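*Asks:* Sequence:
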Amino acid sequence: MPMQATTTSPLFAAELTPHRMLGRGGMQLVIGLGALLILSPLLLAFSAGIGPLLGFIVLDMIAIGATLFFASRQGKRREIVRLWSDQLEVVSVDAKGDRVLRRFNPKSVRLVLDRDVNEKTLALHLRANRDEMEIGAFLNGDDKASFAKVFGTALRKARA
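In terms of the numbering used here, the sequence shown has 18 at position 9, counting the first letter as 1, and numbering is strictly consecutive.
No lab work stands behind these hints, which were simulated from the structure alone. Keep in mind that a hint or two might mislead.
Only pairs whose alpha carbons sit at most 25 Å apart, straight line, appear in this in silico BS3-like list of lysine-lysine [claimed, not checked]:
#1 85 x 116
#2 85 x 105
#3 116 x 166
#4 129 x 158
For clarity, every value in this text was computed on a predicted model and none was experimentally measured.
I would like the entire structure built from these sequences, with the hints used as guidance.
*Replies:* What follows is the structure, encoded as C-alpha coordinates:
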(Lines of atoms letter the chains of each structure in order from A; the text may use other names.)
(Lines give C-alpha, C1' and ligand atoms only; values in the text may rest on other atoms or scores of the structure.)
Protein backbone atom coordinates (compact mmCIF):
# COMPACT_ATOMS: atom_id res chain seq x y z
CA MET A 10 0.00 0.00 0.00
CA PRO A 11 1.66 3.30 -1.06
CA MET A 12 2.10 5.86 1.67
CA GLN A 13 0.56 9.30 1.21
CA ALA A 14 2.32 12.56 2.02
CA THR A 15 1.47 13.79 5.49
CA THR A 16 0.30 17.38 5.88
CA THR A 17 1.12 17.79 9.58
CA SER A 18 4.48 19.10 10.66
CA PRO A 19 7.14 16.39 10.94
CA LEU A 20 8.49 15.00 14.21
CA PHE A 21 11.99 15.44 12.77
CA ALA A 22 13.37 17.34 9.79
CA ALA A 23 16.95 17.89 8.67
CA GLU A 24 18.76 19.02 5.56
CA LEU A 25 22.14 17.36 5.12
CA THR A 26 24.68 19.26 3.03
CA PRO A 27 28.38 18.68 2.35
CA HIS A 28 30.91 20.93 4.01
CA ARG A 29 31.98 23.71 1.65
CA MET A 30 35.45 25.04 2.26
CA LEU A 31 35.26 27.91 -0.22
CA GLY A 32 32.43 30.20 -1.14
CA ARG A 33 32.27 32.04 -4.45
CA GLY A 34 34.54 34.85 -3.20
CA GLY A 35 37.07 32.39 -1.79
CA MET A 36 37.17 30.50 -5.08
CA GLN A 37 37.80 33.72 -7.01
CA LEU A 38 40.57 34.64 -4.56
CA VAL A 39 42.26 31.22 -5.00
CA ILE A 40 42.08 31.46 -8.78
CA GLY A 41 43.39 35.05 -8.74
CA LEU A 42 46.29 34.25 -6.41
CA GLY A 43 47.09 31.11 -8.37
CA ALA A 44 47.16 33.06 -11.62
CA LEU A 45 49.38 35.71 -10.07
CA LEU A 46 51.80 33.18 -8.61
CA ILE A 47 51.98 31.22 -11.86
CA LEU A 48 52.09 34.12 -14.29
CA SER A 49 54.82 36.08 -12.48
CA PRO A 50 57.60 33.52 -13.09
CA LEU A 51 56.12 32.83 -16.53
CA LEU A 52 56.70 36.43 -17.61
CA LEU A 53 60.33 36.17 -16.50
CA ALA A 54 60.74 32.87 -18.35
CA PHE A 55 59.01 34.26 -21.44
CA SER A 56 61.31 37.29 -21.49
CA ALA A 57 64.28 34.91 -21.23
CA GLY A 58 63.06 33.04 -24.33
CA ILE A 59 61.48 30.01 -22.70
CA GLY A 60 58.08 30.45 -24.38
CA PRO A 61 57.07 26.78 -24.58
CA LEU A 62 56.38 26.82 -20.83
CA LEU A 63 53.28 28.89 -21.58
CA GLY A 64 51.34 25.80 -22.72
CA PHE A 65 52.11 23.89 -19.54
CA ILE A 66 51.18 26.86 -17.35
CA VAL A 67 47.87 27.27 -19.17
CA LEU A 68 47.16 23.55 -18.68
CA ASP A 69 47.90 23.93 -14.97
CA MET A 70 45.47 26.84 -14.69
CA ILE A 71 42.77 24.88 -16.56
CA ALA A 72 43.29 21.88 -14.25
CA ILE A 73 43.04 24.05 -11.12
CA GLY A 74 39.92 25.79 -12.43
CA ALA A 75 38.26 22.50 -13.39
CA THR A 76 39.02 20.99 -9.99
CA LEU A 77 37.52 23.96 -8.18
CA PHE A 78 34.47 23.95 -10.48
CA PHE A 79 33.71 20.26 -9.90
CA ALA A 80 34.29 20.57 -6.15
CA SER A 81 31.89 23.51 -6.06
CA ARG A 82 29.31 21.60 -8.07
CA GLN A 83 29.46 18.61 -5.71
CA GLY A 84 28.83 21.03 -2.84
CA LYS A 85 25.31 21.57 -4.21
CA ARG A 86 24.28 18.02 -3.28
CA ARG A 87 21.93 17.62 -0.33
CA GLU A 88 19.51 15.27 1.36
CA ILE A 89 16.30 16.31 3.08
CA VAL A 90 15.12 13.92 5.78
CA ARG A 91 11.58 14.27 7.20
CA LEU A 92 10.05 11.92 9.73
CA TRP A 93 6.40 11.63 10.74
CA SER A 94 4.85 8.93 12.91
CA ASP A 95 3.53 7.16 9.80
CA GLN A 96 6.29 7.73 7.23
CA LEU A 97 9.89 8.69 6.61
CA GLU A 98 10.81 10.68 3.51
CA VAL A 99 14.32 11.14 2.16
CA VAL A 100 14.74 13.50 -0.78
CA SER A 101 18.17 13.26 -2.43
CA VAL A 102 19.22 16.16 -4.64
CA ASP A 103 22.29 15.59 -6.81
CA ALA A 104 24.76 18.18 -8.12
CA LYS A 105 22.61 18.82 -11.21
CA GLY A 106 19.50 19.47 -9.09
CA ASP A 107 17.76 16.19 -9.94
CA ARG A 108 15.60 14.96 -7.05
CA VAL A 109 14.85 11.41 -5.94
CA LEU A 110 12.21 10.79 -3.27
CA ARG A 111 12.31 7.61 -1.17
CA ARG A 112 9.67 6.75 1.42
CA PHE A 113 9.88 4.28 4.27
CA ASN A 114 7.59 3.09 7.04
CA PRO A 115 9.18 4.19 10.35
CA LYS A 116 7.85 1.06 12.06
CA SER A 117 9.87 -1.22 9.78
CA VAL A 118 12.94 0.84 8.85
CA ARG A 119 16.20 0.47 10.77
CA LEU A 120 19.09 2.90 11.00
CA VAL A 121 22.28 0.87 10.60
CA LEU A 122 25.70 2.36 11.31
CA ASP A 123 28.91 1.06 9.79
CA ARG A 124 31.85 1.69 12.12
CA ASP A 125 35.58 1.12 11.99
CA VAL A 126 37.66 -0.65 14.65
CA ASN A 127 37.88 2.61 16.64
CA GLU A 128 34.06 2.95 16.67
CA LYS A 129 34.12 5.94 14.30
CA THR A 130 31.03 6.15 12.11
CA LEU A 131 31.83 5.38 8.47
CA ALA A 132 28.34 5.14 6.92
CA LEU A 133 24.64 5.41 7.74
CA HIS A 134 22.10 3.11 6.09
CA LEU A 135 18.33 2.93 6.19
CA ARG A 136 17.14 -0.67 5.84
CA ALA A 137 13.61 -1.90 5.43
CA ASN A 138 13.27 -5.54 4.38
CA ARG A 139 15.36 -5.73 1.17
CA ASP A 140 15.27 -1.99 0.53
CA GLU A 141 18.42 -0.15 1.60
CA MET A 142 19.70 3.39 1.20
CA GLU A 143 22.83 5.17 2.39
CA ILE A 144 22.22 8.64 3.77
CA GLY A 145 24.72 11.42 4.39
CA ALA A 146 27.51 9.77 2.40
CA PHE A 147 29.11 13.20 1.89
CA LEU A 148 29.23 14.00 5.63
CA ASN A 149 32.39 13.63 7.70
CA GLY A 150 32.52 11.00 10.44
CA ASP A 151 31.68 13.35 13.31
CA ASP A 152 28.68 14.79 11.47
CA LYS A 153 27.47 11.28 10.62
CA ALA A 154 27.71 10.25 14.28
CA SER A 155 25.92 13.40 15.45
CA PHE A 156 23.13 13.01 12.90
CA ALA A 157 22.75 9.29 13.72
CA LYS A 158 22.31 10.06 17.41
CA VAL A 159 19.61 12.71 16.88
CA PHE A 160 17.86 10.87 14.06
CA GLY A 161 17.93 7.54 15.91
CA THR A 162 16.22 9.15 18.90
CA ALA A 163 13.55 10.67 16.64
CA LEU A 164 13.01 7.33 14.88
CA ARG A 165 12.47 5.57 18.23
CA LYS A 166 9.92 8.25 19.20
CA ALA A 167 8.09 7.83 15.89
CA ARG A 168 7.73 4.10 16.54
CA ALA A 169 6.24 4.66 20.01
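*Asks:* Hint by hint, note whether the structure agrees.
*Replies:* The hints, checked one at a time:
{"no.": "1", "hint": "85 x 116", "in the structure": "violated, 31 Å"}
{"no.": "2", "hint": "85 x 105", "in the structure": "holds, 8 Å"}
{"no.": "3", "hint": "116 x 166", "in the structure": "holds, 10 Å"}
{"no.": "4", "hint": "129 x 158", "in the structure": "holds, 13 Å"}
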